[in-house]
Amino acid sequence: MPQNNNKDWFEELQPSLNLTPLLDVVFNLIFFFILATTIKESQAFLNVTLPYSEQAQVVEQTPPSTLVIVVSNTNEIFIQDKLVDIKSLPEKLTKINQSRKIDNVIIRGDAKAYHQTIIRVLDACATAHLYKVSVEVRQEKNR
103 MPQNNNKDWF EELQPSLNLT PLLDVVFNLI FFFILATTIK ESQAFLNVTL
153 PYSEQAQVVE QTPPSTLVIV VSNTNEIFIQ DKLVDIKSLP EKLTKINQSR
203 KIDNVIIRGD AKAYHQTIIR VLDACATAHL YKVSVEVRQE KNR
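Count the sequence shown with my numbering and you get residues 103 to 245, in order.
Calculated directly from the structure, the hints in this document are not laboratory data. Treat the hints with care, since some could be wrong.
[Said to hold, decoys possible] With a Cα cut of at most 16 Å, we get these calculated EDC-like pairs of lysine to aspartate or glutamate: (1) K194 / D183; (2) K203 / D187; (3) K234 / D205; (4) K214 / E178; (5) K189 / E178; (6) K189 / D225; (7) K214 / D225; (8) K214 / E193; (9) K194 / D225.
[Stated by the list, open to error] Label-pair restraints from in silico Cβ distances: (10) Q200 / L119: 51 to 59 Å; (11) K214 / S236: 27 to 35 Å; (12) H217 / P123: 27 to 35 Å.
Note that CB positions come from ideal geometry on N, CA and C, so glycine has one too.
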């Protein structure tokens, strides 16, 4: 009988590896990278080269009540990653403003986009009663 007790005591002292904390860390990392790539992906579908400005001001964080309108170098207009026709832009902006109150509009126009396209986007914002409009630029000259 004493030999059996020694064997049980010896088995209790065997080192074991608890994988629970390791799995928690791995799942947290996977979750983080999925969220990070999803957020970055929403703006990465369109390569926009912003124009340069010496008087650019840095905005720390864009509030959720801000709408971003992207104008590509081929003068295509995107709202929330969806292509929008310039003729339907005023009514689209009005609908978005009615469904969620928009405080600010940021126009992210490519440096090679036509000035006329940017002006038409500004006109559409005014038609939709969106008057706090800014144009996104970059500070660094060579990027």
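How the hints compare with the structure:
no. : hint                    : result
1   : K194 / D183             : holds, 14 Å
2   : K203 / D187             : violated, 22 Å
3   : K234 / D205             : holds, 7 Å
4   : K214 / E178             : holds, 12 Å
5   : K189 / E178             : holds, 12 Å
6   : K189 / D225             : holds, 11 Å
7   : K214 / D225             : violated, 20 Å
8   : K214 / E193             : violated, 26 Å
9   : K194 / D225             : holds, 13 Å
10  : Q200 / L119: 51 to 59 Å : holds, 58 Å
11  : K214 / S236: 27 to 35 Å : violated, 20 Å
12  : H217 / P123: 27 to 35 Å : violated, 58 Å
Checked against the numbered hints listed earlier, the structure breaks hints 2, 7, 8, 11, 12; every other hint is satisfied.
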